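Student: Quick mapping for you: the protein sequence lines, in order, are chains V and D.
Residue numbers for the first sequence follow the working numbering, beginning at 1 and rising by one.
Residue numbers for the second sequence follow the working numbering, beginning at 1 and rising by one.
Since the hints were made in silico from the structure, they are not lab data.
Certain hints may be false.
Partner residues aside, some chain D positions facing chain V, computed with beta carbon under 7 Å [stated by the list, open to error]:
id, residue
1, V275
2, V312
3, A937
4, K941
Just so you have them, the derived chain D footprint on chain V, three or more residues with Cβ under 8 Å [as the list claims (entries may be wrong)]:
id, region
5, 116-124
6, 182-190
7, 199-212
Small disclaimer: the values here were computed from a predicted structure and weren't measured.
Where a beta carbon is used, it is the ideal one built from N, C-alpha and C, also for glycine.
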Amino acid sequence: MGRGRAAGGALSAAGAGGGGSRAEPGRSDPPASPRSMAGLGGGPAAFGRCTHAVVRALPESLCRQALRSTAGPEVDFARAEREHQLYVGVLRGKLGLQVLELPADESLPDCVFVEDAAVVCEETALLTRPGAPSRRKEVEAMKRVLESLNLNMVEMVDENATLDGGDVLFTGREFFVGLSKRTNQRGAEILADTFKDYAVSTVPVHDSLHLKSFCSMAGPNLIAIGSSEAAQKALKTMQQMSDHRYDKLTVPDDAAANCIYLNIPSKGHVLLHRAPEEYPESAKVFEKLKDHMLIPIANTELEKVDGALTCCSVLINKTSEL
Amino acid sequence: MTTEVGSETEVKKDAEQVGPDKAKGKPEEASETPGNDKSRKASSEETQDSPVPAPTSPSSPSSQKKEKDSSESKGISRFLPPWLKKQKSYTLAEPKDESKKRATGEEQVAEESESHPSEGMAQPKRSLETVAENNAKADDKEEKHSVSSAETQPAKEDGKEMEVEKVTEEKEEKEKRETKEVQTAESIPQKPPKKIKTVQCKVVLLDGTEYSCDLEKKAKGQILFDKVCEHLNLLEKDYFGLLFYENSDQKNWLDSSKEIKRQIRSLPWLFTFNVKFYPPDPSQLTEDITRYFLCLQLRQDIASGRLPCSFVTHALLGSYTLQAEMGDHDPDEHRSDYISDFQFAPNQTQEMEEKVAELHKTHRGLTPAQADSQFLENAKRLSMYGVDLHHAKDSEGVDIMLGVCANGLLIYKDRLRINRFAWPKILKISYKRSNFYIKVRPAELEQFESTIGFKLPNHRAAKRLWKVCVEHHTFFRLLSPEQPPKSKFLTLGSKFRYSGRTQAQTRQASNLIDRPAPYFERSSSKRVSRSLDGAPMSISDQSLLRDFRTRGQPGGDKIIDLAAAGEAKLKEGGREDDGSPLKTPQLELIQDGKKKGDHIFQVKTLPGKEKQWTAMPSIAGTKPEETDKKHASRAEGPCTEVSNADKSSHETLDIVEEKKQAEVGIEETLVIDETNKGKIQVATDAGETCKVEHLPKKDSSSLPSDSSSSSSSESEDEEVGEYQPHHRAVEEVIREEQEEEEDVKRKEHEEKIQHVEATLEVSQLTVPAECTQVAAEDLVQENATAIPTEEKNLSEEIKQDLGEEKEEEQLKLNGDVSHVDTDVSPQIICCSEPPVVKTEMVTISDATQRTEISTKEVPIVQTETKTITYESPQFDGSAGGGAGVLLSAQTITSESISTTTTTHITKMVKGGVSETRIEKRIVITGDADIDHDEALAQAIKEAKEQHPDMSVTRVVVHKETELAEEDED
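Construct the complete structure from the given sequences, taking the supplied hints into account.
Tutor: Structure representation (structure tokens):
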């Protein structure tokens, strides 16, 4: 289920190149500012900055009990684990993120998809109320780990609200929230109230599980979008709702449009995308991104239970020390 | 000075009555003793100051009135055109009474004396002078009126006095206009200066201080705004505006191009200085001082919750505020609690203050200007930055918010953006009653444009939203690279347009600013925050916001665990929610009360006319297609002020059409104005207007010239407005609802009227009839003489009626007219009895805003209200240079005992199109002895016979009862 990462980029003022006075505070507990220094690119330029990642091990119950939209081949648990370990390895080893790995909970077959449990943007985390009742308890572990990061926490306690992080697309400038089977208007409203700085627009999602089942951010101003009719329609909606004009990267496969963009200080633009073995045509499109460091990651097993790349992590940009 | 012209004699008489004053201005007269030989007096005068050889000096003060009158008229007669002569005699009948009534004649005398010299010099153009004089006289009357009202009722309640004074002012203004027109046409000496009335204005500035100044009562908004900006030393002022709250809890922007008193209806004049257009990129502002004021505004917006921020953003912005106002953090000086005095957020927590303090430390070295810039760079990215929110409901009755911003229109449901219409996507913006519509370009795969409607709480809100849209579109979109300057929007019902500079223009202008950065003191936002904290305003603000929250977001926020984060709890509420001290429920009252007070009803005077109307393309409501065309052709319009250059003939035509519509709305309405003036106006469609007026003795205002009295305030109240952001003439405007619109207009009128009447009831008393009569006669005279001046108005009316027929000259009337250029001397028969029926009402078509001497009270106001509808646009148009060139104008008058028929034939050239308009006015005046209905019917019948295809556009009945000034209180 939750596919797509929670709040992708946390924007930090410090990173954005503080013009002048406001240098990155060197003290032990410097406050994070939501925006970067004035006139220097601001939030969008800092898009993709990330220091921490929350992931969760996959339970064996996933193979049989995980929710899935379509029946199909059974998940090869061993392979799924290997792929997941590779994924975590990239985040931790290759990109140098501080990865907080939660243990699996066999009673929560979908718990590996941490993205759905929380939306983190800057220093604020919204703990969601997942649309699938069986997944609500996933939030508890997420809450604990985010508390340990000293984030501002907002909990979605409204029993009429549902929100899966997979329906939340943060572009660096605004939020788009897919109204899907898992996410309703009320959930979106609460998200809007939580992240007051940003416009929050709703996008109807009909044919897929989540909004991010067919799109994601592939760069600071770049939306990767699938080619399906539903995906294109959703993109149009988003374009109409936004005051900003985004570039788009259209890939042939909807599933491949879910990728992870990171802005790592030592590496620049980094893009985790689906492996060419899975989606060769889409991979070719990604390979045209010359400025990006491309990291193909296979996700064949979790995809069987609707899992995408973003689903398996919550990325956090913690500018202040803990 | 006094001798020559008839009207002047009257003036002189006034002077004489005043005695001592007269002595000042006219020594020779003073020396004369009562009962002096007229000839002697005349000769002495002649030799002394008047170049005129006429032995026509008025009789001395003590001489009997009759004698005086007769002698005067005789003496003067040879110098006067016949029509004037006659009028003169009328005028002469009353002066004494008038002066009696007058509490003080001093001002008047002064004015008169001023006006005289010019007369003397301009002798060859006597008739012209007469016109001018008449105008002047009218002005005098105005003055008298206002003076007397002011003096006799010093204890009057504020509001009421305001009302009365306003009326008089308006009338004065109108008079002035007329005079001006005459002057331009005939180069006549200036109208004498008037005593200036001032009103105190208070403006709350962004730093919480108050600026006050005295303004001339008829000052336009621009004057006050300029004063304030001057006080603030602000050059880049186009981003700012003045707000007032009145009769509603919603804010209104003061229109710079209109008189203040027409916009703000109550005393005191209290405004707040605010940012009106939030620059999307504040770094492009030229001066730091401008940024400073923008910062102050944003701090208010943030602290009040209008501009929602996250906790962290509150803290960051707060820290920049501290840096700007307090400089670098000083550990010694700034103890932990130094921040508590500031308000950074609606709900400020200890945690937030700590965060602010921490951030403040990191800003070391930033100058105040730099800190402000940083503040703005962060604030501008807030999603609600510069979004002007309005409550509305969608088509299904769901509460939503409409946000107007630099880029277009945003639709919110609760806090969610559910739709967005960028300016380029919007083809038309309109409002009708309380509905607001946008017509949007077809989407990519769609073929048809769609119109989306929203329901606003009331029509004022709808109009306000519409205006804000028009202004924002113009300011941000026009003359910008994306939008060719020629693109226009247009207004139909409303003539409103943004008259200021666009952002592009103001940027250009700002580039020319060449002054050293002005020094200004950054007042501590402590003060602001304190006032926000403590003042009732902020309290109501917050409570309103909460209100809104609970209303708009049922089941809302409680769910959110705010405590942990210390999130500000307040949701953004509409800006309209700003608590305003002036909030009153009056609006509702007005709307509800429509039917109660008005004595107007619709009369199908001429059955069968309707068909004619339908045949007329210009008729609203009857032929949608026609009107569509009209609208389409009208596409250039309002923008003119913005793009000064390309005003085309189209524009004028458009305006004309507008007027036509307005007129149509009122056609066949019989207005009975019970309170004090009786007037029946029958206007016929084919370009003829027959006006039948019942003129009670005193009713000067009831004269046909009413048509000329427009007031710009009109635009404040129409219920319909359209605005087409681009692609002029391309789209067809569908206006099936035109009738509805007209209805609305009527209602609008009614509202106004009602408003007035509320005041009236208090003051319905009897007034000596004579005084008014004088006024009436003067007016008549003026009317007759001032024909040239009226022409514009007339032509406007003509246009209204003729519409598409402009090209063909309608001269059919000519043959029928019996007298050409004969004198106009309507017989005024005093009728004490109210004419016609009063019953339900439809519309007050119009009337004059004129104030007569006797009627300083409400009635005037009423008239004013009515007039507003059509007229003001005219003035605007003519003022803007769009007026046509008058080719010729004829006035033909015939009269019978109680009926005066005036036919005006005007040819105008406007934008290369020549139009001829024939308007016939029948004025029936009389007292109880006359059967007005019969007279009216007769007049109409006659007119009908003459011009079978004419139709009646207006019937106005004014009934005047006598009012006593003293009783007004």
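Student: Look at each hint and say if it fits the structure.
Tutor: Against the structure, the hints:
1. Evaluation of the V275/D hint against chain V yields a violated restraint, the C-beta minimum of about 18 Å exceeding 7 Å.
2. Taking 7 Å as the C-beta cut-off, the interface hint given for V312/D holds, the closest approach to chain V being about 5 Å.
3. Contact between A937/D and chain V, as hinted, is not supported at the beta carbon level, the nearest pair being about 61 Å apart and thus beyond 7 Å.
4. At about 62 Å, the closest approach between the beta carbon of K941/D and any beta carbon in chain V exceeds 7 Å, and the interface hint on this residue is violated.
5. With 3 residues having a beta carbon nearer than 8 Å to a beta carbon of chain D, the region 116-124 of chain V meets the requirement of three or more and the stated coverage holds.
6. Check result for the region 182-190 of chain V against chain D: holds, 5 residues qualifying (beta carbon to beta carbon below 8 Å, three or more required).
7. Closer than 8 Å: that is the beta-carbon criterion, and the region 199-212 of chain V has 4 residues meeting it against chain D, so the requirement of 3 holds.
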